[in-house]
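Colleague: Here's the letter readout for the chains.
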Amino acid sequence: MTDAFIADLRRIAGDDGVFSEPLDVLTYECDALTHLRTAPAAVVLPSSAGQVQEIVRLCAAHGIPFVARGHGTGLSGGATPVEGGIVIALSRLNRVRSVDIANRRVTVEPGVTNLEITRQVAPFGCYYAPDPSSQQVCSIGGNVAENSGGAHCLKYGFTVHHVLAADVVLPSGELVQLGSEFADPVGPDLLGLLIGSEGTLGIVTSVTVRILRKPESVQTLLAAFDTIDAGGAAVSGIIAAGIIPAAIEMMDTLAIEAAEAAVHPGFPQADTVLIVELDGPDAEVRALFGMVEDICRRSGATTIEVARTEEQRARIWRGRKAAFAAMGRVSPNYYVQDGVVPRTRLPEVLSRIRDLERTSGLRIGNVFHAGDGNLHPLICYDEKIAGQAEQAEAVAAEILSYCIEAGGSLTGEHGIGADKSQYMPKMFNDVDLSLMKRVRDVFDPGGLCNPGKVFPTPRLCGEVPGPYRAHPAERAGAAERF
Amino acid sequence: LSVALRGTSIADLRFDGQAIRTRAAEADRDSVDGIVPDLVVEAESPGAVAASLQWADQHSLSTVIRGSGSKLHCGAVPAAVDVLLDVSRVSRILQHRGGDLTVKVEAGARLHDVNELLQQRGQWLPMDPPFADCATIGGLLATNDSGPQRHRFGTPRDLVIGIEVATMDGHIAKAGGQVVKNVAGYDLSKIMSGSFGSLAAIVAATFKLSPVPAASSTILVPHLDADAMGRVVEAVSASQLEPVAFELDVRAPLAGTPEIACLLRFTSFRAVVEAETANASARIAAVRPAFRVLTGDQEREFWLAYRRRPWEEPGIVVRASWLPGSIGDVLSMVRNLSREAAIEVIGRTGIGSGLFRIDAGREIQLDVVARMRASGTFGNVVVLRAPAPLKTREWVWGPATASASVAAALKRELDPRGLLGAGRGPL
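Top line first, the protein sequences correspond to chains A and B.
Here the first sequence is numbered in our numbering, starting from 1 and rising by one per residue.
Here the second sequence is numbered in our numbering, starting from 1 and rising by one per residue.
Keep in mind the hints are simulated off the structure, nothing from the lab.
For every residue, glycine included, the Cβ atom is placed at its ideal position computed from N, Cα and C.
You may find that some hints are simply not true.
Sample of chain B residues with no beta-carbon within 10 Å of chain A, all distances over it, derived [to be verified]:
| no. | residue |
| --- | --- |
| 1 | 128 |
| 2 | 289 |
| 3 | 311 |
Rough simulated footprint, nothing fancy, chain A against chain B, three-plus residues with beta-carbon under 8 Å [what the hints assert, rightly or not]:
| no. | stretch |
| --- | --- |
| 4 | 176-187 |
| 5 | 206-217 |
| 6 | 313-322 |
| 7 | 342-353 |
| 8 | 372-383 |
| 9 | 397-411 |
The whole structure should be built from the sequences, with the hints applied where relevant.
Modeller: Listed below in structure tokens is the structure:
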């Protein structure tokens, strides 16, 4: 990257909006998937959509790759910089543009946090439904890129179900609105395509989301089980009874232990705990909650704790939402996976994971969205022990293969990013990937917009070149590379 | 059968070593806005659909894809249709995973048949579009059509979790998957939604399902004026009621007083429906004491007739959207327009989207649509049904938006010769 290019960036974003010194760009070397790191040639912080356009046009003119970044909480390396490219950090685009209660919508810039939207509308009895665990800090722009879900997406869906319109700077520098302030935009749903495209089709500079009226009633219970199968049976029983809870979450012993160590939610000592939350009209929650309690009991729940107060409910969720970060209390390092299996295949896949735990010698905690089959195995390792990091990665890959074999997906909500792009051929064949690539090329013919993500490449950016080295687990026959 | 399509032989229209079924088009059942296709291709498998598209592409034949044909009236009048690709035989229900609340079906399967099977197992694909008896899955996705229960369940694009499409190069590609939560790869089902068959042919799709509710009831509040309708909407919106449908029903005779009604439907377990109905009734009674509660067969028949109504009477049918908070403006606009045309509206109050049937002479029909587009109250005004002489591309789909260039580029990539849809739009 030339000094002239950096000077042009400074002209656009101001001296205080461009960093290129190694120490200054350090923060931007990775997102929350910290083991993938690349130093960007520069970081630019635009403060308007117009500046984003100018920066993107400049990149297009010079063939410089760019990676948009929200608040860097992504777990798949979707915001990992590209060698020789720039990071366009959107944290200064953080204004709430309009709060329109009458029309049930809020328009914000991409750097506004997920939770801030709910804060804006809570005084009017409304909220924004998607609630990823990182909602206090994650940006809505990142949510759009990743199609974020959260614990409550079983009933309420994902980001794609809650965004009405977005202003997008295309890789050409053109600014377009996708979606519409009115329902039923004419033509193919390009907004729906953009959401979840992991920053590879454009950069959002404004997002209009739908807000919902808060439900009349919310009830949460925590049920403990002696076996994961019993917990799984309760989940199946609830769905079979025709009940769609707002959330059904499961945690295993290791995850419970970690959460207890970190935030003391007062979870029972058990093999498995199940958190079930129902929301909706009073009458509905009252009627269905009794059914859920019965199903849990019949499935072998050893204890059932019903949250009687908002404080108790918050405590249960604190335990669940802190579980990832809490793994730091029980293991020096951990690797989070995000595979999905059809709900009915959960017991079988979980039992394979427990077998893998035994054969690999690495502890694996399980915290997951049981209602929709989205696993979050937490693979514990110690990077100071030679080979363990690689082994953890191989174990993670093995777990993904179980998910695919069961008819599931590589990722439920964290995205493919740079982390899992090499596994895409396990789920999609050449024809599938080629059609997706053609769609990508329509938006980004120059391949400058977040390259190296989603699509498998012969070698990942940032990966050390050289001959392929087998992982210890592969050599031991515990895992295979795909 | 000997059909000369610009000298093309149909002998090479084959899949898996077998000739793909073709027949001559019949004017009464195969024409598209009065244009009789040169050939009808009756594909019987996804592979045959893909092979047919590749064949059409190789020979530059304009192609219209048809499921049951229930929405073939949508779109501009084609210049010519070389091939009508009928996919109604590609209709297997491939997999119902009850415990996972998912179903995978081929595109030509009828919603009615899918739901009949699912209902035996206590589940349904929650769509209640206008032509529910014959509409196919592929057509529903391509048009993103929906009905009153959109209020709760969304449109087909909100329910689809996986898709398989046949492209003009003869390939079948998939996106999404079989699980309700999945962000791997691009969600190509979205670009099929609203494409009206102009980008590729949908051959199969997977959906998330809902349990069939045990009970249902509908509150019908008739004889409202615009002000009272506004107050009913306010009362419901301010509450924490969770209806599955929340409808605006307007019948405005030419130069008369509009009859306005509001409809609220609740479905769930019996005790819940009773409690919600009682709660809603109390709130509505404060605005308008005279209303009816429909249940059982009476309710079922009411909704069937309601959804069909705009399509069974004369006039053009227009889909238009508005901001949910501007219901007062919508009603006053309808009242103004009804000075020159009889107008009927059935619409989703909470979403701000509805069907407008406009019965008047052609000049007035053109004028009403133009006024709706210019009003600022309405957006995304699309003419779904109109006499062929009126249906130019611009009039049917409305003025191009800023993102039209992206959609056009997508069209050029997927259908470089511009054959799919035969110029009917939107692409």
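Colleague: Hint by hint, which ones does this structure get wrong, listed from lowest number up?
Modeller: Checked against the structure, no hint fails, so every one of them is satisfied.
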